[in-house]
Amino acid sequence: MPHIAHLLSSMLQVLTERIDEINRQEYIFLLRQLST
Numbered sequence: 003m004p005h006i007a008h009l010l011s012s013m014l015q016v017l018t019e020r021i022d023e024i025n026r027q028e029y030i031f032l033l034r035q036l037s038t
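For any residue, its number in my numbering is found by taking its place in the sequence shown, counting from 1, and adding 2.
The set of hints was computed from the structure by calculation and includes no laboratory data. Cβ atoms here follow ideal geometry from the backbone N, Cα and C, with glycine treated the same way. Among the hints, erroneous ones may be present.
[What the hints assert, rightly or not] Estimated spans, in silico, between C-beta atoms of each pair:
1) Arg34 - Pro4: 32 to 38 Å
2) Ile6 - Gln35: 26 to 32 Å
3) Thr38 - Pro4: 33 to 39 Å
4) Pro4 - Phe31: 34 to 40 Å
5) Ser11 - Arg34: 22 to 28 Å
6) His5 - Leu33: 24 to 30 Å
7) Gln35 - Pro4: 31 to 37 Å
8) Pro4 - Gln27: 20 to 26 Å
Sequences and hints are given; from them, build the entire structure.
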């Protein structure tokens with residue numbers, strides 16, 4: 003379904019924009035918290 007693929011790509015775009023706003027180290031810290 004192309005609609006879902008488009009939705010996911012747009013969501014990824016928003017996420018990357020949000021990540022740019024957040025401090026890189028904070029993001030890495032959050033990833034470590036989620037991975038455990």
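Taking the hints in turn, this is what the structure says about them:
Range check, arginine 34 to proline 4: Cβ separation about 35 Å, and the 32 to 38 Å hint holds. Roughly 28 Å separates the CB atoms of isoleucine 6 and glutamine 35, a value that falls within the hinted 26 to 32 Å. Separation of threonine 38 from proline 4 is about 36 Å and conforms to the stated range, judged on CB atoms against 33 to 39 Å. Between proline 4 and phenylalanine 31 the CB atoms are about 36 Å apart, so this pair conforms to the stated range of 34 to 40 Å.
Taking 22 to 28 Å as the suggested C-beta distance range, the pair serine 11 and arginine 34 conforms, at roughly 26 Å. Remark: the range hint 24 to 30 Å for histidine 5 to leucine 33 is upheld by a beta-carbon distance near 29 Å. Between glutamine 35 and proline 4 the C-beta distance comes to about 34 Å, which sits within the given range of 31 to 37 Å. Taken as a hint, the range 20 to 26 Å is violated for the pair proline 4 and glutamine 27, whose Cβ atoms sit roughly 37 Å apart.
Violated hint for the displayed structure: number 8, the only one.
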